[in-house]
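Asker: Here is what each chain is made of, one letter per residue.
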Amino acid sequence: MEPWRILAEKRLKGIGKVILVGSGKGGVGKSLIAAATAAALGEKGYRVGVFDLDIHGPSIPRLFGIEGGRVKLRGSKEGLLPVEAGPVRVMSVEFLVGSNPVPLRGNAKTEVIEDLISNTHWGELDYLVVDLPPGTGDEVLLPLRVYRGHRHGFLVVATPSILSIHVVRRLITLLLDERVAIEGVVENMSTLPTGERHPGSDMLKALAREYGVPVIAEIPYDPSLETVLLRGGSLREAEVFWSSVTRLAEALSGSGAAH
Amino acid sequence: MHEWSVTQAIVEAILRFAEQEGLRKVTRVELEVNELSQLEVEIIEEAFRILSQNTLLEGSQLVIHRVPARFICNNCGYKWDLEEALAQLRDAADKHGIADEEGTVDPPTHYMPMLVYSFMQCPRCGSRDFDVENQFNVRVRAIEGEK
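Read top to bottom, the protein sequences are chains A and B.
Going by the working numbering, the first residue of the first sequence is number 26, and it counts up by one from there.
Going by the working numbering, the first residue of the second sequence is number 4, and it counts up by one from there.
You may find that some hints are simply not true.
Within a straight-line C-alpha distance of at most 16 Å, the following computed EDC-like cross-link-like pairs (lysine to aspartate or glutamate) qualify [said to hold, decoys possible]:
| id | chain 1 | residue 1 | chain 2 | residue 2 |
| --- | --- | --- | --- | --- |
| 1 | A | Lys102 | B | Glu104 |
| 2 | A | Lys38 | A | Asp151 |
| 3 | A | Lys102 | B | Glu43 |
| 4 | A | Lys35 | B | Glu15 |
| 5 | B | Lys150 | B | Glu43 |
Simulated restraints on C-beta separations [stated by the list, open to error]:
| id | chain 1 | residue 1 | chain 2 | residue 2 | range |
| --- | --- | --- | --- | --- | --- |
| 6 | A | Arg234 | B | Leu89 | 51 to 61 Å |
| 7 | A | Gly237 | B | Asp94 | 49 to 59 Å |
| 8 | B | Arg144 | A | Thr252 | 49 to 59 Å |
| 9 | B | Glu104 | A | Met26 | 21 to 31 Å |
| 10 | A | Leu166 | B | Glu105 | 32 to 42 Å |
| 11 | A | Ser124 | B | Val44 | 48 to 58 Å |
| 12 | A | Ser101 | B | Arg52 | 20 to 30 Å |
| 13 | A | Val265 | B | Glu43 | 49 to 59 Å |
| 14 | B | Arg52 | A | Arg87 | 41 to 51 Å |
| 15 | B | Glu105 | A | Met26 | 22 to 32 Å |
| 16 | A | Glu149 | B | Thr30 | 30 to 40 Å |
| 17 | B | Glu136 | A | Gly82 | 19 to 29 Å |
| 18 | A | Gly258 | B | Pro126 | 28 to 38 Å |
Sample of chain A residues facing chain B (criterion: CB under 8 Å; computed from the structure) [said to hold, decoys possible]:
| id | residue |
| --- | --- |
| 19 | Ala133 |
| 20 | Glu136 |
| 21 | Asp202 |
These are calculated hints, taken from the structure and not from any lab test.
Yeah, the Cβ is synthetic: ideal placement off N, Cα and C, and Gly gets one too.
Model the full assembly from the supplied sequences, consistent with the hints where possible.
Answerer: Here it is, written out as structure tokens:
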């Protein structure tokens, strides 16, 4: 076994369960849901880490108000120490590069993901929420290879749009083929700005049913969310969004305590 | 500090390999260290010696080869080495340096060499589209032992 995999295995020893958050395509609210789920689990008293592996578009630090330029990452004998944001420990490539571009290709991309996974010292956690990059490339396959050997569950984040449905199908097929435990589909923006149900909602639910995967959460459109994000407020202030995410966190923690 | 966790992973990887191969003793280990990571060879040697104690590796000879970092620009074809790139990396250490418990500040590339793409541009044309010749951090080149 390669040395980085040995280190990666060591990092998992103190972690109860890994919640992988992924989507077939970008722009469906994956990072937002990963961050909010971690915050909601933290609020319930769990020890939570959130791992931003979306190396080309890291957005987790901003969601916790700890952008790269504002915090200093620290190292230790055990490895890189995540940044603490209230009860949640956060690691992101942004803490290493600030606002610099991350123009990685092929092998370089997988090297950075291997290094992030193997160098981050999480310590003891009940849950590690991993914000995966969108798609089904190397940058997703690599973390799956590491984390599927540990206690884990995958949240497939999708919007009920006709444009994303085929992508969701491909992602679920891949996860089943790779023996990844799917926790459920998170239907983001399940309602329209008018408050009506999204017309594609039934289609997404039918797809989940076809694969025997539950729709674990429906997150309605919350008009206050963007305003809250713009002024750097807490996600809790977007009440409709937050109450749905809290229910998602309850469903996750109810489906089996971390330890 | 990072050298310790890297060496520990290498020692464990070699021990697993030795077990698989049915080695009773490892006599010689050759490692390649990419100079881009700026890992300190002396610390790796010390960590290796201490972590090898009471294992199949105890007393084995450790040989470390420093592998030079070389870069080639895909835009203008210019080739350069680490020495020419050090100024850019020093700047990265100033702005994004990571301090450890002993107060040593390392550039991010110490932990993740491929982040060089975030901190380096072609010295001639300024492009970030370049290739790095060796992309690994540390790797085992050879292991010798007795069955």
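Asker: So which of those numbered hints doesn't the model satisfy?
Answerer: Of the numbered hints given earlier, those the structure breaks are 5, 11, 18, 21, listed in rising order.
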